[in-house]
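Add chain E to chain P, keeping to what the hints say.
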Amino acid sequence: MAVKDYIRERFFPHIWCPGCGHGIVLNGLIRAVEKLGVQKNEIVMVSGIGCSARIAGYLDFHTMHTLHGRALGFATGIKLSRPELKVIVPMGDGDALAIGGNHFIHAARRNIDMTAIVMNNRIYGMTGGQYSPLSGYGILASTAPYTSVDQSFDIVQLAAAAGATFVARTTAYHIQQMIELLQEAILHKGFSVVEVMSQCPTYFGRRNREGDAVAMLKHMQKITTPIGSKAKAEHPELIERGVFVRKELPEYCEAYDTIIRRAKEGK
Amino acid sequence: MSDNIRFVQGNEACVEGALYAGLEFFAGYPITPSTEIAEQLSSRLPKIGGKFIQMEDEIASMCAIVGASLTGRKVMTATSGPGFSLKQEALGYAIMAEIPCVIVNVQRGGPSTGIPTHVHQGDVNQARWGTHGDHAIIVFTASNHQDVFAMTVEAFNIAETYRTPVVLLFDEVVGHMRERLVLPQPGEIPIVERLRTSVPQGVNYHPYLPREDGRLPMSDFGAFHRYNVTGLFHDMWGFPSDDHEVVHDLLRHLMDKIENRTNQLAKFKEFYTEDAEVLLISYGSTARSARDLVEQRRRRGESFGLLELLTLWPFPNDLVRKKAANAKYVVVAEMNTGQVCQSVRLAVDQPERVFLANRIDGEFISPDDIHKTVRLIRGKGV
Chain P
1 MAVKDYIRER FFPHIWCPGC GHGIVLNGLI RAVEKLGVQK NEIVMVSGIG CSARIAGYLD
61 FHTMHTLHGR ALGFATGIKL SRPELKVIVP MGDGDALAIG GNHFIHAARR NIDMTAIVMN
121 NRIYGMTGGQ YSPLSGYGIL ASTAPYTSVD QSFDIVQLAA AAGATFVART TAYHIQQMIE
181 LLQEAILHKG FSVVEVMSQC PTYFGRRNRE GDAVAMLKHM QKITTPIGSK AKAEHPELIE
241 RGVFVRKELP EYCEAYDTII RRAKEGK
Chain E
1001 MSDNIRFVQG NEACVEGALY AGLEFFAGYP ITPSTEIAEQ LSSRLPKIGG KFIQMEDEIA
1061 SMCAIVGASL TGRKVMTATS GPGFSLKQEA LGYAIMAEIP CVIVNVQRGG PSTGIPTHVH
1121 QGDVNQARWG THGDHAIIVF TASNHQDVFA MTVEAFNIAE TYRTPVVLLF DEVVGHMRER
1181 LVLPQPGEIP IVERLRTSVP QGVNYHPYLP REDGRLPMSD FGAFHRYNVT GLFHDMWGFP
1241 SDDHEVVHDL LRHLMDKIEN RTNQLAKFKE FYTEDAEVLL ISYGSTARSA RDLVEQRRRR
1301 GESFGLLELL TLWPFPNDLV RKKAANAKYV VVAEMNTGQV CQSVRLAVDQ PERVFLANRI
1361 DGEFISPDDI HKTVRLIRGK GV
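Those protein sequence lines, which keep their order, are chains P and E.
With my numbering, the residue at position 117 of the first sequence is 117, and numbering never jumps.
With my numbering, the residue at position 101 of the second sequence is 1101, and numbering never jumps.
No lab work stands behind these hints: they were computed from the structure.
Ideal placement from N, C-alpha and C gives every residue a C-beta, glycine not left out.
DEER-style ranges, computed between Cβ atoms: (1) P:Ile-239 with E:Asn-1125: 46 to 54 Å; (2) E:Ile-1360 with P:Thr-127: 35 to 43 Å; (3) E:Ser-1112 with P:Lys-4: 50 to 58 Å; (4) P:Arg-10 with E:Ile-1005: 55 to 63 Å; (5) P:Ser-142 with E:Ala-1223: 37 to 45 Å; (6) E:Leu-1376 with P:Lys-264: 57 to 65 Å; (7) E:Asn-1125 with P:Lys-218: 51 to 59 Å; (8) P:Ala-161 with E:Asn-1260: 50 to 58 Å; (9) P:Ser-142 with E:Ser-1366: 55 to 63 Å; (10) E:Pro-1030 with P:Ala-255: 17 to 25 Å; (11) E:Gln-1201 with P:Ser-142: 45 to 53 Å.
Isolated chain P (complex conformation) (with noise of 0.2 Å):
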């Protein structure tokens, strides 16, 4: 299928700004799609509120956008009423982890199988740039006009130690590590977390100075590298892009499945 048929083009254009990194993300989740096979009718799209949430629009799946900060709700939902769905969930940095933390550590700790996507662009752009819990210290936005004091979430670290039994990283820069990373994550029995470092040049670019979309894409080329590599022994600061947990536990629709039949045996 060729990649404009995963697309509702009645609703294009789309609503994000020139540069928008999560244009990408649309983009390479398509092509993973399609490389998987994947029917369009098995695939359940939930968002939540934000830029990134309208992703789930344009794309010709089973498509819901939900609430800030629920969208794994209502995917729990919906997978466990019908596991044989695949369930992707494309949140924000701020959707995902600042009101939507709580739902977040509870979907990895109940390993339901569906992939959670964390577009992390250090913002909130749909209000107008304020700091998001992943903007990190001494950043400015709207909201901090004199730099952020807040510390910012590992989006990994939090994930591996919620339970997530897959978790990765990539950033829009890397186009073909996205693709990759996001069949695997699809495929995954359990849940999983790709994050992918997005860049929103309108808000945190121009308020930072790192410059256009095309500067910001470099430099998260200049600040990650692949898992394990001579640089990232040279260089701690550098940020790993990669897989950083591969495991396997018992999957929460498969798991409730044996409590069905416990329950029908009266045991």
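Relative to chain P, chain E alone:
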């Protein structure tokens, strides 16, 4: 004893009603005094292949049932005061996206943590206006276990018929009290299944294009029609729109599909209302004391009557106005500071004849409590 007779709590009667109606999915979070509903369903649902999940919080529980409903399941959650507050945003989502679901609120005293193990009826107006924005909603209640069962079945039927959340507003006394429940035979009470689209595969399906009767046939997530669902104002495709006509028409549709059916939705019971000089209006556990008082006074030849409301919202204005027309005194008995009393005053022709008999200390209101107020109103002293 027949095997369809049970001696149960009201919360269990609600569980029986939900299962009779075809409940398949429940998500919840522990909270007093509704927890028994979750406990019972964690055992009952898997036996019939249904799903129970205890979520991380009240918000996620509400979200999970909405998601499950979209895949074609009959769904419910249960909570009490603080949990009901937390569910309000997602309840509004279900209204906007027109997703059938049933929300049980076994009321306790509030505000805040309040008095968790005692009875109040303070959430009547929250059930109406708890979620933000203009909207309409359906709220049922009941005073005894047979009615808890019947109104729970009705809640599912109405939710599925009109694609809307329905709130079951019970209270701690009804929830925890034990009494007899006769389980109806299968088929005895009609069960409604949601309207599903007949649009064939490959033909455009408009998920949010109402039929002439205002109903919208659904397509389950996972079936061959793929569409978008959103909490934003949306067009017939389910796609976000800020077109003024689209916004106006959708809000009108959401209001009209419920408010235009106020009289059909108005469920009630009446006892000696025809010639009642003192008409009591009550609901929930309070209606038990009100009825007892009416029986007591009738035995003494006094013309007391009771209108027991089973539908609280949309408020049955016409019904209340008609029943109150010939009464000398209308006394609203409830365990709050006058939430239904306020609606009654707006409904009747002579609001100055409407009085409140209440109790708000967490102690169950007795027939005597109500009678004291009636005596005062009639100038007889306490």
